[in-house]
Amino acid sequence: MKRALLALVLLAPLAQHAQQLPPDALLKGQNGSWPTYNGDYSGKRFSPLKQINSSNVAALSTAWVYHATNYGAGGFGAVIKSTPLEVNGVLYFTMPDNVWAVDARSGREIWHFKYPPNEGGHIGQRGVAMWGDWLYFETPDCNLISLNAKDGKERWRKQIADVKLEYFCTVSPLVVGNHIVTGVGGDSLDNPGYLESRDPETGEVQWHWNTEPAKGEPGSESWPNDDARSHGGGMTWMTGTYDPELHLLYWGTGNPNPVHAGEARKGDNLWTCSIVALNVDTGKMAWGYQVSPHDTHDWDAVQTPILFDAEFQGRPRKLLAQASRNGFFFVLDRTNGEHLLTAPFIKSNWSMGINAKGQPIPDPKKEPARNGTLVSPSSNGASNWFAPTFDPETSLFYVVASQSYSVFYLTAEGKAEGFAGRDDFLNFPGTIKAIDYRSGEIKWTHDIGSMGPGLLTTAGNLLFTGDSSAHFIALDPATGKTLWHAGIGANQTNGAITYELDGKQYVVVGAGDSLVAFRLDKSE
Amino acid sequence: MRQAHFVRALSALLLAVSLSAAQADQVAGAEKERNAQQQKKDPTQKEKTENALANLMGGPKLDQAAVDRGRKIFVPTCGFCHGNDAHGKSGPDLVRSTLVLHDNKGDTIGPVIHNGRPDRGMPAFPSLTTDQIADVSTFLHSRAADVTNRFAYQIGDVVTGDARKGAEFFKGEGHCASCHSTSGDLAHIATKYQAVELQRRMLYPAPNLIDMFLGKAVKTAPIKVTVHTASGEEVSGTLDHIDEFTVSLHDAAGWYRSFSRETAKVDVQDPRAAHEALLPKYTDDDMHNLLAYLETLK
Chain U
1 MKRALLALVL LAPLAQHAQQ LPPDALLKGQ NGSWPTYNGD YSGKRFSPLK QINSSNVAAL
61 STAWVYHATN YGAGGFGAVI KSTPLEVNGV LYFTMPDNVW AVDARSGREI WHFKYPPNEG
121 GHIGQRGVAM WGDWLYFETP DCNLISLNAK DGKERWRKQI ADVKLEYFCT VSPLVVGNHI
181 VTGVGGDSLD NPGYLESRDP ETGEVQWHWN TEPAKGEPGS ESWPNDDARS HGGGMTWMTG
241 TYDPELHLLY WGTGNPNPVH AGEARKGDNL WTCSIVALNV DTGKMAWGYQ VSPHDTHDWD
301 AVQTPILFDA EFQGRPRKLL AQASRNGFFF VLDRTNGEHL LTAPFIKSNW SMGINAKGQP
361 IPDPKKEPAR NGTLVSPSSN GASNWFAPTF DPETSLFYVV ASQSYSVFYL TAEGKAEGFA
421 GRDDFLNFPG TIKAIDYRSG EIKWTHDIGS MGPGLLTTAG NLLFTGDSSA HFIALDPATG
481 KTLWHAGIGA NQTNGAITYE LDGKQYVVVG AGDSLVAFRL DKSE
Chain Z
1 MRQAHFVRAL SALLLAVSLS AAQADQVAGA EKERNAQQQK KDPTQKEKTE NALANLMGGP
61 KLDQAAVDRG RKIFVPTCGF CHGNDAHGKS GPDLVRSTLV LHDNKGDTIG PVIHNGRPDR
121 GMPAFPSLTT DQIADVSTFL HSRAADVTNR FAYQIGDVVT GDARKGAEFF KGEGHCASCH
181 STSGDLAHIA TKYQAVELQR RMLYPAPNLI DMFLGKAVKT APIKVTVHTA SGEEVSGTLD
241 HIDEFTVSLH DAAGWYRSFS RETAKVDVQD PRAAHEALLP KYTDDDMHNL LAYLETLK
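In order, the protein sequence lines correspond to chains U and Z.
All residue numbers for the first sequence refer to the working numbering, where the first residue is 1 and numbers rise by one.
All residue numbers for the second sequence refer to the working numbering, where the first residue is 1 and numbers rise by one.
These aren't lab readings, by the way, just hints derived from the structure by calculation.
You may find that some hints are simply not true.
Which residues of chain Z face chain U? A partial, calculated answer using Cβ under 8 Å [as the list claims (entries may be wrong)]: (1) M122; (2) F125; (3) Q154; (4) G156; (5) E244; (6) W255; (7) Y256; (8) S260; (9) P280; (10) K281; (11) D284.
Quick list of in silico lysine-lysine cross-link-like pairs, DSS-like style, CA-CA up to 27 Å [as the list claims (entries may be wrong)]: (12) Z/K61 to U/K114; (13) U/K284 to U/K318; (14) U/K164 to Z/K72; (15) U/K415 to Z/K61; (16) U/K415 to Z/K105; (17) Z/K281 to U/K347; (18) U/K415 to Z/K89; (19) U/K215 to Z/K89; (20) U/K164 to Z/K61; (21) U/K266 to U/K114; (22) Z/K265 to U/K481; (23) Z/K219 to U/K266.
Note that the Cβ used here is the ideal one computed from N, Cα and C, for glycine as well.
All chains, full assembly: derive it from the sequences and hints.
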């Protein structure tokens, strides 16, 4: 109570002046804060802050540790996978069923919102979104909850997907103007994936985009029949990116269903395993690009589609790049979806080559089989949800990459539904790779032991990441050489963020159920 | 080392897994399992495993007797149109039916069963009692659970290869014989593991993810390590942990020792390295043939 009062006192002067985060503020980028899941609309996770830099990083030391308690749930999901928002000196972050506000200067808890136990999937929670004075939180059982950022009190809740059909929700929504864009997850019972935009004040649906095209629409011909198309999957479980000039939203979609059995859904299965561009006001699709036609290996293409403007083959272009779970790196022109580059970032073995559109051609012999097929990558993928980063100063794209293998089995007897198969994981290697977006060339590889956490680059010539031995690490983004490391008590579980308060730059990282903040020692 | 494997693989799962409901339920299941274990005194190892697996698969635990009773009603009454497995025939698929998935003990399917759907050609079954309909409901929920619980999926017969060719691969291309012997470490190997397990361990001798999740003790080969310190000392032992910054081992006397990698030179002899190197080289036929050969080692 004392804490809550203190928070009210702290926030009161601000509240008198303006909203905590007017949606237009997001158009200005990070501005020394971290107001969205990816820091800004581009998805680069590159911060212009450089007080902490390669020449002084050796003096980086712990500012505070926040240890979360009383979060219930437990299990694998009860770690901080969320990327905290930092707005006006307050961090907002989550675990499934839990939202916290913590003082970004001191790590002191301001409030804790707890959602009651529920049957939704508790595998992870990626974070909240903020619009004005309000936060938006997806619960495991697929309620979108609007909370007052001041005190964590619930304003309203709206169901955004049907948990009885095995949907579950984890996404950090994306705020664009007057839109709260929400994605959904859950691929065990052959449901369609979709994206929705909701009104920030009322939670009412503004538009609904379905992964599978409606009957007769372009792309519907990539399904053999209506039954397959209407049970085709393609979940939207990672936050997308946005280009304010083009007014386009970019989102990755997940695997088709039934997951491992492709027989009853012959065809490309649009728009599963795709990057799609939607008009943010209407939800109308401007273009789509499928990175895994007819996937049978669970390789969701939901990895952040990073937006940057740069030269490509001698021409300045508006680019979009994704290092996809299927092991290939793609560069597109984001104005129209024109394909520019496909290059492998691990040695996968499932494709027979690249077609004229730049898509890997799946080898039917590597589809899951009754007696097993040995496939790289595993269903965990060559990468997964761990945030990639693009550093405009090195012009390199960085990704957590795994040269993993699995034996994929088809198991369904009779009609294939749900996963209809499974894979037996062999190894779990993990590296950070630096990819030259112009050629796809791997400039360096840094071993982190296992599939790891999200990445962050800064203008201080630093790349922050973690290894699988509970270290938080700063690398030289040009060479991959380690410049600094610190034990943080548990493996890094989210993507680190950075912000500046009182002239001091902080770097904050999630490690299990703790947040650890670093800043330069006073002597610096 | 076992612990290190466990933590590493588990953290990989924790961070990496695809978002599927089954896996998500496994998360919730882990907690349910923990609570159940705390309340229940001294369950046997078998019970522990069964409980953990049931929870790993997610969903509420269904009353098996009700499932069986429901099946006995469903098959002769409904199976002709909906299929005995409820996957649909001339009538709709009831496994992924919204109406059925929302049902609780017959509250949504009851009226449909009692009244039929004459407009769609479904006859009425007015004589089924409330209890019978509740059993049918439980049976249908069990069918959905069979689909969503992917870790319960049974893998079929995987021994399909040519054992003779597998023997050739073992001695030749695979270079398996340089570390293994069919009369030594691999004698009777096929009696020690189920075929699926053997296929995985043959490819890469690491524990099964589900076994690790269940906390099952898994034997892994010790890894030998030698550390040359800056002062010229040479220490050998069994690797405990290695990362970019530190290496630790248990020496011949059983003492734990750790060294900073800034100054020490480390030589690790990981027997899994040869397995890792072979992974990109196998064809699926090689894999199936080699398994068929190992399956002859009864």
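Now for the hints, and whether the structure bears them out:
1. Residue-level restraint check for Z/M122 is violated (minimum Cβ-Cβ distance to chain U is 18 Å; threshold 8 Å).
2. With 8 Å as the threshold, the beta carbon of Z/F125 stays out of range of chain U, its nearest partner Cβ sitting at about 24 Å, so the hint is violated.
3. Here the hint on Z/Q154 is kept, as its CB sits about 6 Å from the closest CB of chain U, short of 8 Å.
4. Given the 8 Å rule on beta carbons, the hint for Z/G156 holds: about 5 Å separates it from the nearest Cβ of chain U.
5. Proximity of Z/E244 to chain U holds as hinted, the smallest CB-CB distance being about 6 Å (cut-off 8 Å).
6. Annotation: Z/W255 was flagged as interfacial toward chain U, and the flag is violated, the nearest CB pair being 21 Å apart, outside 8 Å.
7. For Z/Y256, the suggested interface contact is broken, since its CB lies about 16 Å from the closest CB of chain U, more than 8 Å.
8. Below 8 Å, beta-carbon pairs count as interface contacts, and Z/S260 has none with chain U, the closest being about 12 Å; its hint is therefore violated.
9. For Z/P280, the interface hint holds, since its Cβ comes within 8 Å of a Cβ in chain U; the closest pair sits about 6 Å apart.
10. Given hint, Z/K281 at the interface with chain U, is violated; its Cβ is 10 Å from that chain's nearest Cβ, farther than 8 Å.
11. Given the 8 Å rule on beta carbons, the hint for Z/D284 holds: about 5 Å separates it from the nearest Cβ of chain U.
12. Among the hinted pairs, Z/K61 with U/K114 is consistent with the structure: their alpha-carbon atoms are about 26 Å apart, no more than 27 Å.
13. The straight-line distance between the Cα atoms of U/K284 and U/K318 is roughly 20 Å, inside the 27 Å bound, and the hint therefore holds.
14. For the hint linking U/K164 to Z/K72, the alpha-carbon distance of about 25 Å falls within 27 Å, and the restraint holds.
15. Among the hinted pairs, U/K415 with Z/K61 is consistent with the structure: their alpha-carbon atoms are about 24 Å apart, no more than 27 Å.
16. This hinted pair checks out: U/K415 and Z/K105 have alpha carbons roughly 26 Å apart, not beyond 27 Å.
17. For the given pair, Z/K281 sits about 12 Å from U/K347 by alpha-carbon distance, which is consistent with the 27 Å threshold.
18. Using a Cα cut-off of 27 Å, the hinted pair U/K415 and Z/K89 holds, with the two alpha carbons roughly 10 Å apart.
19. Our distance criterion of 27 Å between C-alpha atoms is met by U/K215 and Z/K89, whose separation comes to about 23 Å.
20. The hinted pair formed by U/K164 and Z/K61 meets the criterion: a straight-line CA distance of about 15 Å does not exceed 27 Å.
21. This hinted pair does not check out: U/K266 and U/K114 have alpha carbons roughly 44 Å apart, beyond 27 Å.
22. Note on Z/K265 and U/K481: the hinted pairing holds, with a Cα-Cα distance of about 18 Å set against a maximum of 27 Å.
23. For a cut-off of 27 Å, the pair hint linking Z/K219 to U/K266 is broken: about 42 Å separates their Cα positions.
The structure does not agree with the numbered hints 1, 2, 6, 7, 8, 10, 21 and 23 stated previously, though it agrees with the rest.
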